[in-house]
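A.B. asks: Below are the chains, spelled out letter by letter.
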Amino acid sequence: MKRRLFECFSLAKCVAFLAVLPLFVFTFIFIIGPLVYMLVLSFLQRAEVWGVVNKFTLKNYIDIFKPIYLKTFIESFKLALTTTFLIAIIGYPFGYFMAKLDGKWKKRMMFILFIPFWTSSLIRLYGWIIIFRANGILDKLLMALNITDAPLKLLYTYPAVVVGMVYALLPFMIYSVYSSAEKLDWSLVEAARDLGASSLQAFWTISFRLTMPGLLSGVVLTFIPSMGLFFIADILGGNKVVLVGNLIQEQLMKAHNWPFAAALSVVLMILTSLMIYIYRRISNVKELEGLV
Amino acid sequence: MDDYILQLDRIEKSFGDVKVLKGLSLSVRPGEFITLLGPSGCGKTTTLRIIAGLEKPDKGKVYLEGKDVTNEEPNKRNVNTVFQNYALFPHMTVEGNISYSLRLKRLDRAKIKKAVSEALELVQLVGFEKRMPHELSGGQKQRVAIARAVVNEPKVLLLDEPLGALDLQLRRQMQTELKRLQKHLGITFVYITHDQEEALNMSDRIAVMRDGKFEQIGTPQEVYDHPKTSYVARFVGSANIIKGTAYNVNEHTVVFKNDAGIGVVAKYSGNIAHGQKVTVAVRSEHIKLNLVNYNSNVTGLKGVVKEKTFAGGLLQIIVALADGNELVASRHGIDSSLVPGDDVIVTWAPGNAVLVDLEGAHEKETI
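Note that the protein sequences, when read in sequence, are chains L and P. Read in our numbering, the first sequence has 261 at position 261, and its numbers run on one by one without any break. Read in our numbering, the second sequence has 208 at position 208, and its numbers run on one by one without any break.
Ranges of calculated distance between the beta carbons of each label pair, as one might list FRET restraints: (1) L:Asp185 <-> P:Asp259: 54 to 62 Å; (2) L:Ser187 <-> P:Gly66: 28 to 36 Å; (3) P:Asn78 <-> L:Ser187: 16 to 24 Å; (4) L:Ser187 <-> P:Lys105: 20 to 28 Å; (5) L:Ile282 <-> P:Arg109: 20 to 28 Å; (6) P:Pro90 <-> L:Met253: 48 to 56 Å; (7) L:Leu200 <-> P:Leu107: 16 to 24 Å; (8) L:Asp185 <-> P:Leu314: 39 to 47 Å; (9) L:Lys100 <-> P:Pro90: 14 to 22 Å; (10) L:Lys66 <-> P:Pro90: 44 to 52 Å; (11) L:Val15 <-> P:Pro340: 52 to 60 Å; (12) L:Ile278 <-> P:Pro90: 23 to 31 Å.
Straight line, CA to CA, 27 Å or less: simulated DSS-like cross-link-like pairs of lysine-lysine: (13) L:Lys183 <-> P:Lys130; (14) L:Lys104 <-> P:Lys19; (15) L:Lys106 <-> P:Lys56; (16) L:Lys59 <-> L:Lys71.
Keep in mind that the hints were calculated from the coordinates and are not lab data. Think of the CB as a built atom: it goes at the ideal place given N, C-alpha and C, for glycine as much as any other residue.
Bound conformation, chain L alone (with noise of 0.2 Å):
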């Protein structure tokens, strides 16, 4: 028995362990222990002016089931599912293409589409305000073109937060489907098109199919995040639009119902986690991107 305990601590072993436990540590302070915090506060009771009290509730898991809530779980729903078709039909081809062009170019697109991210996302949000807020830079242009002749007033409506979502979450699709495009061996579609097939049957044959775990992986980054980017709902949407995101920070911050606003995420959390074990045994792709 003594030997074993020795055994255990040779000394390559203690290195190996020490190197590691940082990892361990932060995991669990960063992760693991607010996660364990808010499942138990989700069970908790909100007190009456500030805080929590201690006893076991459901209460706020039955809440969620009032229309009012139901609603926006499926707005948000809806919201996230516009959002990342979008994206997916404009960042795939950008994505795929960009990996089709040579080094240099690959470099300047990739600089291209990183410069953005510079700039805080608050600030380029304002940015979308300018835009389309009433007789802003879109309304002007659209009436100077004679395609409109009065202002859209684009502002605070569905569409702009739907354009706020795809112009935030748009780089992950495109570095996703660029990253499998990348790895994607071009002799298997010159192969197919010696077989007989035309470049559309190659592509869709070859080419996608290949880049499918880039996509997919596209869509769980795109989606998820939509769900719940309550300040761009905010910013874009006015309170016209109001997401989980949106429900969770108002609870957590305006209501102080903290055990309402960690049950909402509780639910948010297990609804985005289906999400990716669904994708897992539909794309039957073990690894998407080393994402999951």
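Using the hints, position chain P against chain L.
C.D. replies: This is chain P only, laid out in the frame that chain L set:
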């Protein structure tokens, strides 16, 4: 012109500033096994890609069964390729890979199934239908790639160093099998290799390529026994190249001399004038070494034995000639009594020497 299944007419191709193909012409008869032989970088693969339609030539024409297909898309050509890296579709089973071209043609299921099982039988992979490419060994992938290409019944099958990635034993086995397959199917093969042994073993004709041009096109025997250029002699037969000046020319032989002495070479064609510079190729197994002490009256090229090595069942004797050049003599077995430092006279039977690099030795650039 109609007798040929495939013709290349003065094909030229450049990538950027680099001219890869410099006017290639080739005519292939139906059912022929023709090999493009040359070192890497000589333009073999580009030639194949142009035939397949994966690359467009800058100049020149490609004809398939007499029809100009130079600007046809690859999928419109009845030509299939076995790629060097096999290029099997990783997301399809063996069956899916082989049936790919047939499914594109929308044949009915029963027909496809039958064709696939016949193709698998042909390459001796029955029972592998449901395997994925990553579950196959190199040799098996190779067979699937061949089955996938022949199931479409192409007029011409292009093979790009198909055995390059296999080990020696498997290569030999596959050489025999490919030859059998080609005879059985009667399909024209255009085969690429840099291995002269492979080319000599399998081909009906060999086109020796150098630097974007065909150096010589002929049967293995012609290319091996009567190389037209010193390049072909060296690449195909590992021959010694000896230069000299003709000084005695008669109907059948040419005697030449250089700083090491004199040599005799049989004359098959061409007019050799007295005093003309000549280049002679002699394969190492035909070189005779006569020890000076006992055969002092022999005339030939003077030299000294420099080194003896034994490799692959062959004894190789390197001789330093009096004019500073070196040549190699080879023998089977290890019975040579010569030792380094021995003075020798180098001779050969005139019929075993070939005059190369004569005027007009290069392939004409016309069909």
